[in-house]
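Once you have looked at the hints, place chain B on chain A.
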Amino acid sequence: MQVHVIDLSSWTASFRYPNLISGVQPTLEVPPVSTVLGLLNAAAGQYLHHQKLEIGYYFQFDAKAVDLESIYQIDSTNGRATNNAKSNIIRREFLFNTRLRIYLTDPKLADYFRQPYYSLVLGRMNDLATVEQITTLDLPEVAYASRLAGQVIPFRENYLAGQIQALPKYFTDTFPRQNVGTEPYSVISHLTFVKANLPAIHDKNLGKAGTDIYLHQLDFSEHDQAV
Amino acid sequence: MELVLKENLTHPTGDPFADAGGYVIASLWKEPALKDKDILGLIEYVANLYINQWNANLHAFFLNSKITQPAFDSKRKLEETLTYYKSILNETAPSKIGYCRFSGRKANLFVAGRDNHILSGSSTFINFHHGFENGLYVSKEIIVRFFFVPLGVMQLGDKLGLISSNNTIVANYYVEQLLTGPDGHLNTVGRGLSSGVARSNYGIPANALFAFVDSCLKNIRTAIYANPSENVVEARNTSLSLYHFTNFGAKPEVVLYQLSATVFGFYALCQSITYYEIWHPFVASHYRNSKFKDAKYNQGTDTWVSPKEELAYDSYSTWRNPILERLLNGQTLVPYFKAWISTNRFPFQLIETYLIYINQMDKRTVQKIKDIAGFIVSRDEDSIKKAILRLNRAKYVQEVRQYLLKLIDDNYKGGSQEPLLKIDEVEYLFPETVSWREIRDLLLIAVYEKLHEKNLQIATEFEEQNEVIEPLD
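So the protein lines, in turn, are chains A and B.
First residue of the first sequence: 1, per this note's numbering; consecutive thereafter.
First residue of the second sequence: 1, per this note's numbering; consecutive thereafter.
If you are wondering where the hints come from, they were derived from the structure by calculation, not from laboratory data.
Treat the hints with caution; some may be incorrect.
The calculated lysine-lysine pairs, modelled on DSSO-like cross-linking and capped at a C-alpha distance of 30 Å, are [as the list claims (entries may be wrong)]:
# : chain 1 : residue 1 : chain 2 : residue 2
1 : A       : K64       : B       : K159
2 : A       : K195      : B       : K363
3 : B       : K363      : B       : K159
4 : B       : K363      : A       : K52
5 : A       : K204      : B       : K291
6 : A       : K204      : B       : K370
Chain A on its own, in the form it takes in the complex (with noise of 0.2 Å):
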């Protein structure tokens, strides 16, 4: 099957629990889809309206840390931001030296990383990225995937292990944003193998005896992406 493959590498990553807002960020170790629809947006320069996407991607670390991190809390009256900021400090895990690497079917998308429009950040804005190559390969196709890693999967009928969190696809462009597609996946880290009856597609260049690949079929056909 050809895939048009993007290479991104950064320092540092961070990718929040959505729904864990309190005293300590900590992070999930592969990125949702969401993040990475996010990343062809930047590149894009614009809010791509998808109908039918088929992505995949798989993401490595070297090593998980956490940091201080300095927060201003805005104090509010009757819903309205006052000029009173109390700063406060907080622990939020990140990850370090990452390597994310995206495949696609469609052409068009993997060309808007040859020039990305907006910085690409894998998490927070001090997480920048670099697109270290864009490549264009032929990988075979597996019936059952037998060695799955570092990316996150559909939880509901495969219910594969992992960390399981409710992870959205995609957000809106609307303000404030809305999450889209929300559903449960299990988040499988690059460190363990998972096998599944799902068809796959091999990279034999990641990791020691490669990895199976699985490619979201999104349809955001039935989403109202502006709420």
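Frame of chain A; chain B shown alone:
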């Protein structure tokens, strides 16, 4: 008319807190006395329990909620709570239409803050949420599910512990045993003995997680093993996540622990009939407690014995244990295997499984280590003694390399037709991802294993290395 679909209250969403609440609701609806109640009836039942038996002590969950409000008496707490949840269920509370960030469903969304939700941030500070919103916007089912979470978690040390799993039977079992187990809420509530959140016997996350695995292996075997009746130790892919959290006052916090499916499967193998007698003393001898510094583990009685007392498993299993903690945190056990095998029989097969499945070591690396160990043990007693001493004392990689070159030379001079190590096997013996110390330790482990196998008693001079000793509180 149904105010809410039962399925939307109990179906897994992927959020561990919402799912724990859902499992609690499903379990309560299985109770004969509660099965006919609608969701508001269940809320009333649980609110009564929280207020009258738990003394409204839900401060670690919900800050400034109707129940925890100190200005309200019990009657008002109940009235206000029911009024609030009624307004959510019949959707008269302020709402806006959108996609629920937990269930993904398009619905009327209600604001979730620290009064009705866990770790969702304060609405006092306007920039905690996107677009200056005053909280997370979620569907009514999610608000209701969170009200039941306190019954589906336990007090674990200074925080609360919630265990979730990809195996829904396991996740459900965790909640069910808190409700219907011997000391479960539903058993104690009738006797007026339910005084608050369930308490774990363990204050340490690693001990609590592995104790839960023990409980799963004992009580829900069909959910864990592929072929439980044949006693084939092939665990299904089950991973556990422990959320160690508190939403208390100004210090909300969460620490996540992940027990991977490979560690779960390895631990299940160690607990099988084949390996239990060997694995258990290895783990048991490593418990540590600063209050029992002079205690020693007695393998015969499976107790820790100090000059003053003898402690059985129930007591010492609450102490810290570096083996369990390292397994959970993905740190190597090899130095511990090395120290243990010098004086105890321990099958290399189990270590091999650990290396291949947990450390993801190449099978060819393991095979080469076994080959070299076989050569060392095939020689005379004095050479074996010297080999153990040289390998164990090696402080630099050059010393190990020199010794291996000497072995290759000895093998050649001995007239062997096959070289001990071929040039293309060097990369397997010293892979980039494994430290030379680990390879050295594995060589020693394999040598000791073969000495045990051959029943060879050699007066070795094994010196314990400092790297094995880990300071514990």
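Results of checking the hints against the structure:
| no. | hint | verdict |
| --- | --- | --- |
| 1 | A:K64 to B:K159 | holds (23 Å) |
| 2 | A:K195 to B:K363 | holds (19 Å) |
| 3 | B:K363 to B:K159 | violated (42 Å) |
| 4 | B:K363 to A:K52 | violated (43 Å) |
| 5 | A:K204 to B:K291 | violated (53 Å) |
| 6 | A:K204 to B:K370 | holds (29 Å) |
The structure fails hints 3, 4 and 5 (numbered hints given earlier, in ascending order).
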